[in-house]
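In order, the protein sequence lines correspond to chains A and B.
Take the first sequence: its position 63, counting from 1, is numbered 63 in this note's numbering, and each next residue is one higher.
Take the second sequence: its position 115, counting from 1, is numbered 115 in this note's numbering, and each next residue is one higher.
Hints were generated in silico from the structure; no laboratory data involved.
Computed from a predicted structure; not experimentally measured.
One or more hints might be untrue.
[What the hints assert, rightly or not] Here are the simulated lysine-lysine pairs, DSS-like style, with alpha carbons at most 27 Å apart:
1) Lys15/A with Lys142/B
2) Lys142/B with Lys115/B
3) Lys15/A with Lys115/B
4) Lys15/A with Lys116/B
5) Lys36/B with Lys115/B
6) Lys16/B with Lys30/B
7) Lys12/B with Lys15/A
8) Lys36/B with Lys113/B
9) Lys30/B with Lys15/A
10) Lys15/A with Lys36/B
[What the hints assert, rightly or not] To give a feel for the contact side, a few chain B residues facing chain A, derived at Cβ under 10 Å:
11) Lys16
12) Gln26
13) Ile55
14) Thr64
15) Pro71
16) Val82
17) Pro85
18) Phe94
19) Leu105
20) Tyr109
21) Gly217
22) His221
Each residue gets a CB set at the ideal place from its N, CA and C atoms; glycine is no exception.
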Amino acid sequence: MEETKKKEQQGSTHKIGIYLWIWGLLFVLSFFSYMVDWYQFQGMLRWSLILFFMFLKAGLIMAFFMHLFWERYALVNVLLWPMTAIACFIVLMAAEGQYTLFSRLFYFFVGGGQ
Amino acid sequence: MSEQKIVDYEFKPGFKGMAHDTGSDQTMFKGVHWGKAMMWIFLLSDTFVFSCFLISYMKGRASTPVEWPNPSEVFALDAFGVPVPLLLIALMTFVLITSSGTMALAVKYGYEKNKKMCGWLVLATAVGGLTFVGMQAYEWSKLIHEGVRPWENPFGAAQFGSFFFMITGFHGTHVSIGVIFLFIYAYKVFAGHYENGGKRGWFTTMRGDYVEIEILGLYWHFVDLVWVFIFAFFYLW
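Throw the hints in and build the complete structure from the sequences for me.
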């Protein structure tokens with residue numbers, strides 16, 4: 001029973017204000033990322049803005065809506081370290097994509113250098 | 001709570017607690033509801049599935065010599081006779097964020113044992129999810145009508161269709177499953193399955209607890225999280 005009481009206090013420590021704040025922020029950030037398309041920013045500016053708003057939104061959802069900010073470090077680390085594997089995969093496949101594009105252009109359009 | 005009290009175990013915060021957790025005997029996340037830990041593991045594996053889809057999309061888009069269709073024009077919608085870029089997608093994003101917010105509040109009220117607020121908020125989340133699925137069905141039928149197929153489309157690179165249907169379809173499936181569960185849990189909250197020590201579940205002898213709403217919330221926020229990435233990479237890029 002003591003355990004139960006402790007849990008209850010833990011669960012209700014977050015005030016409603018923080019959820020409403022994060023909620024509002026998510027709306028504002030979504031609006032901004034939509035504006036990136038609306039004003040047709042191009043090139044590096046477009047990509048960096050998209051990534052910036054995306055990571056900010058993802059971070060807010062994970063940290064506060066999914067409670068990771070208040071979770072024990074063991075869980076946070078179990079969840080976040082595997083993401084480095086995904087990052088490696090992205091780098092590998094980006095290089096692979098470049099090579100595939102090069103091969104297609106070289107053999108299908110240039111003619112294989114004959 | 002369905003957890004037992006663990007003898008000689010005290011939770012420590014920070015890195016010390018992490019060392020305790022990873023080095024503890026028998027189980028790792030002591031004191032955490034098993035369902036919550038398993039949901040996190042499931043979401044981790046789901047992250048890998050969605051990552052693979054998005055990475056294959058990146059690779060496919062980067063390696064085609066044919067020009068990629070401009071999503072800003074493909075997903076434009078006529079509002080009062082004027083084509084507005086990405087209008088439907090923006091609305092879908094806002095609907096999903098709204099439902100994510102109601103879910104977060106439902107979890108909060110669940111832990112405060114506020115049955116009414118929790119139930120209504122879970123129901124609101126379900127309605128939001130249903131709206132999202134409806135809008136996605138409209139988007140799909142519109143594109144199919146315009147001639148977009150997994151193997152060809154009138155706008156540009158042929159790969160566009162297959163990636164679009166695969167990624168948004170898999171995400172839509174997640175939303176649909178989430179909506180079904182949200183309706184079930186809205187019923188369970190209103191029926192008082194988590195009150196007075198909890199009622200035993202349909203498939204289990206374990207007693208219900210409001211922690212189940214948090215577990216459901218984790219799934220729902222994850223669906224929203226994936227949409228953030230799809231919105232950025234597929235629609236905006």
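Numbered hints the structure breaks, given as an ascending list: Of the numbered hints, 1, 2, 12 and 16 do not hold.
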